[in-house]
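Enquirer: Here are the chains, one letter per residue:
Number of protein chains: 2
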Amino acid sequence: MRDTAPVLTGVGTSNFGKQDYSAEELVVQAVTEALEAAHVAATDLDAIYLGTVFSHPGTAHRALRAAGITGVPIVTVENACASGTLAMHLGAESVRQGVHETVLAVGVEKMTNWIKGPIPPDPYDIDALSGLILPGLYAMSASRYQHLYGVTPEDLAWISVKNHRNAIDNPRAQYRGEYTIDEVLESKPIADPLTILQCSPISDGAGAAVIQARGVTSADTSRVEILASVLESGEWWPSLDRADDRVWNAELIARTTERVLRESQVSVDEVDVVEVHDAFTIGEIITIEAMGLCPTGEGAAFSREGHTSRGGRLPVNPSGGLLSRGHPLGATGLAQLAELYWQLTGQAGQRQVPGAQTALLETMGGSVSGLSGHGCVVAALRTL
Amino acid sequence: MRDTAPVLTGVGTSNFGKQDYSAEELVVQAVTEALEAAHVAATDLDAIYLGTVFSHPGTAHRALRAAGITGVPIVTVENACASGTLAMHLGAESVRQGVHETVLAVGVEKMTNWIKGPIPPDPYDIDALSGLILPGLYAMSASRYQHLYGVTPEDLAWISVKNHRNAIDNPRAQYRGEYTIDEVLESKPIADPLTILQCSPISDGAGAAVIQARGVTSADTSRVEILASVLESGEWWPSLDRADDRVWNAELIARTTERVLRESQVSVDEVDVVEVHDAFTIGEIITIEAMGLCPTGEGAAFSREGHTSRGGRLPVNPSGGLLSRGHPLGATGLAQLAELYWQLTGQAGQRQVPGAQTALLETMGGSVSGLSGHGCVVAALRTL
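Line by line, the protein sequences are chains A and B.
Mapping the first sequence onto the working numbering, position 171 (from 1) lands on 185, and the numbers just tick up by one.
Mapping the second sequence onto the working numbering, position 117 (from 1) lands on 131, and the numbers just tick up by one.
Rather than coming from a laboratory, the hints here were simulated on the basis of the structure.
Bear in mind that the values here come from a model prediction, so they are computed numbers and not experimental data.
Be aware that a few hints might be false.
Unchecked claim - A few chain B residues facing chain A, derived, Cβ under 8 Å: (1) Ser36; (2) Gly72; (3) Val86; (4) Val89; (5) Tyr138; (6) Leu143; (7) Glu249.
Don't be surprised by glycine CBs; every beta carbon is placed ideally from N, CA and C.
Please work from the sequences and hints to get the whole structure.
Expert: This is how it looks when you write it as structure tokens:
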């Protein structure tokens, strides 16, 4: 019987940032690189899963046609910031179930031509219209977290310093600059205690990955197995009467990660590198705690002690993360996946985490108003 | 081993048409009816697949929360007019593959508050901006079809007369009126030869269906098996140098249907009732031909002879179709599915096709500009 374990055989991305390319052109860049890396032709594809949030209907088909792909079934999905990660998940599961042998996962977002500042809220979302948009929600989480654990503004700012430093070695990143803690804290206030250098930017970009059944892959290509991937959805937030629900979506991240670890039989001690959803600095701290990578309440100290830096024992967001690589919503999950593929196959260049073999990926799809619903996707990856 | 054949155990819809309800409220109406019909609780659901085209991110989560559903993974998909049908397809396949036991497929669109006239084209779609929007594309198909087969304007108009007549017995339909062929032809011109009564309207609405693995269903509920469902994507159109590519997407519809018939082992002779994508009158004629329900070039005569009328030997769109029930994009596939479920379980009231046991469903997802890409979904259904 064919081995249907889903395996990454190639990835590609555009550059990230404000740029003149259309969504279609960005997809062509990412898809062309991924297909070439995987030694796969457009005619080999059984299906395409494409994640995007704000693209108009037809963008997927138009973009893929421009990449030389027609006549292949296309499933377009939306899951807020985790749209691309959901595309990866559905593609990987279709391979695992034996439905497809070779699929392409794609993510794309073109934002800089119409969004200035925060993403505009849904006109039907009364929570968002009352001010509970994502910067505000993350800021509330940050304040609560600081209160509970005695964490300082400098601790929060450190995440930004670290991720911007990582991005210096990422030629595709949107922001590549060395910042001090003071510079982060003195940058423009967005939602107290978060300053603009603690918020991920509005970006344009695309990412793509070829996923194939292990049985059809060749050892001649660089291969990374998707050991497990899981989509879970969350409850409403905030439930301030629940002491354990103190920060945005910690429970959901924990629940999703636990399932991935169980299904993949990976222990957190084995993890060499992670890419997580640092849409805001506080997000990275809460997420690595919720994933069980360090004890609850110790994420800030764990980071500031250097354990999550590139030379540390568990590098987090070596790509620069959303904060510095950029955050083109639908593309982000594929950008995270591409970074981990490069890390796990020794192709990460100056950013390489030596000997990385096992990785976790996490993306949080909170909608434009963070109250509207959440779809978290987590995956475990290992060098084959 | 558990029988994982996907089975419909309940459906629900809102009314269709211009109405004051929000997308969220429409979803609540459809989902509540579907869960009650299936005797399924929100806590029984393993996953939700929701199709929509123009809803803002978060709508799915907000709507489902309003229906009492939180903490269930939600996959939101977009496939133009076949978004809801794609949600059904993905949900059914997740059950067939044994990934889930009980899923909810939902479709919704809220259009009347912001669209007047044709759906506005994507600002990046140069084909659409040059005028090749859907009414124009269907009109070109109609002209070509008339030229090839000597079909008259009256033949086209008959489809509108038939479907509006069917809708008189559908209390949820948007337009329920008796029209003559002359009245159809004398209605406002939209894109020659199509008049407004030959174009589906802008609508608000939602639909929902509970899909369960046969092994967990009870014979006490009214059950319809989804024998097969298929998503296929098309090539670019038009290729006027190909004589067989004379009308919009006929090749794609034929290819998708052939796969469904093969996988379901259903013969067209066994089909008792169909719901197809009559976004425009010409669409119904081309579609029933492409599906093999009548010979190529004879669809208009076949219809006008009464064979596709409710008392005929192969009733097409007994619900009134998109032309009369309405066409809230993301909801349409679920509305078609609901009609066929009611027909196949003897619950279609005044619209009942006596003894209907086997049905086909077809939805064409052409994007706002019909050139941008196409995702056709076809399914075969049978009373269990």
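Enquirer: All hints, please: hold or fail.
Expert: Hints, verified against the model:
Interface restraint check: B/Ser36 against chain A, minimum CB-CB distance 6 Å, threshold 8 Å, status holds. Of the supplied interface hints, the one on B/Gly72 holds, with its beta-carbon coming within about 3 Å of a beta-carbon of chain A, less than 8 Å. For the restraint placing B/Val86 at the interface with chain A, the shortest Cβ-Cβ distance is roughly 6 Å, inside the 8 Å limit, so the hint holds. With its C-beta approaching chain A no nearer than about 6 Å, B/Val89 sits inside the 8 Å limit, and its interface hint holds.
Look at B/Tyr138: its Cβ gets to within about 6 Å of chain A, closer than 8 Å, so that hint holds up. A hinted interface residue such as B/Leu143 counts as satisfied when its beta carbon comes closer than 8 Å to some beta carbon of chain A; here the least separation is about 12 Å, so the hint is violated. The beta carbon of B/Glu249 comes within 5 Å of a beta carbon in chain A, closer than 8 Å, and the hint placing it at the interface holds.
In this structure, only the earlier hint numbered 6 is contradicted, and the remaining ones agree with it.
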